[in-house]
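Colleague: Going by my numbering, the sequence shown opens with residue 17, and the numbers climb by one from there.
None of these hints come from the bench; they were simulated from the model.
Quick list of in silico lysine to any residue cross-link-like pairs, SDA-like style, CA-CA up to 25 Å:
#: 1; residue 1: K47; residue 2: K98
#: 2; residue 1: K47; residue 2: S27
#: 3; residue 1: K98; residue 2: R182
#: 4; residue 1: K47; residue 2: P117
#: 5; residue 1: K64; residue 2: D102
#: 6; residue 1: K262; residue 2: L38
#: 7; residue 1: K204; residue 2: V164
#: 8; residue 1: K47; residue 2: W72
#: 9; residue 1: K230; residue 2: E210
#: 10; residue 1: K204; residue 2: N175
#: 11; residue 1: K227; residue 2: E241
#: 12; residue 1: K262; residue 2: D68
Cβ-Cβ distance ranges computed for the label pairs, FRET-style:
#: 13; residue 1: L234; residue 2: F70; range: 36 to 42 Å
#: 14; residue 1: K262; residue 2: A207; range: 31 to 37 Å
#: 15; residue 1: D40; residue 2: R200; range: 30 to 36 Å
#: 16; residue 1: H46; residue 2: T85; range: 24 to 30 Å
#: 17; residue 1: K204; residue 2: P117; range: 38 to 44 Å
#: 18; residue 1: G71; residue 2: M211; range: 45 to 51 Å
#: 19; residue 1: E196; residue 2: E216; range: 24 to 30 Å
#: 20; residue 1: G71; residue 2: H233; range: 39 to 45 Å
#: 21; residue 1: T89; residue 2: V162; range: 19 to 25 Å
#: 22; residue 1: L38; residue 2: L212; range: 32 to 38 Å
Keep in mind that this is a model prediction, so the values were computed, not measured.
Just so it is clear, CB atoms sit at the ideal spot from N, CA and C, and this is done for glycine as well.
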Amino acid sequence: MHIFGVDIGGSGIKGAPVDLDLGDLADERHKVLTPHPATPDAVADGVKEVVDHFGWTGPVGITFPGVVTGGATIRTAANVDKSWIDVDARALVGERLGGLPVTVVNDADAAGVAEVQFGAGRDRRGTVILLTFGTGIGSAVFSDGVLVPNTELGHLELNGHDAETRASTKAKEDHELTYEHWARRVTKYLAHVEMLFSPELFIIGGGVSRKSAKFLHLIEGIRAEIVPAQLQNNAGIVGAAMRAAKAQ
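Full structure from sequences and hints, please.
Modeller: Written out as structure tokens, the structure reads:
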């Protein structure tokens, strides 16, 4: 079964048809840059461009970098334009796509459900936390495979700041940090999350997951197992498609 997934991020909007039997992309993904400012109309145009690239005419799952309630309504917008707040994204994007069925889910939650079903979290019990490091830090928390939605742990306070302003991949790039320096910040963040949730497993996702060999060994003193996301930066696309299929 193929369903289309789109992952909206702070820097790019990427999507592809997903083979839900394999938990992998059925075609090479297509990506466009996230518009700035990332207003609802501008982002919806970007989503349409990605979907139209494949001539897709079926259900579409979409991730959003913020809290999403009821598979539709945006409640927070940390890394896109604030005009997204209270927008019915399902209706907006569905209309832009000519009436195609649309499901909207938090981006990290989508990545998490994909990793728990097909990747690093498969068959893992207890508390599993996926953290996506990119423009911000997204989170997905699972208890015995069941998602606790919209956790937004990237906004925990760390040394008087939002954690994602200190430990995201964007923070690493903005401050020109070495992997060693950045890993120290990530370690402090993981220690804080571990103190609060005592997980058995941390899954590190986002684009930086494909570079895990450069930094995971530098993270020390964390009791939980730490592994990279197996689906890497495609996890959000796969998870979005999974949610769209479930909604049908």
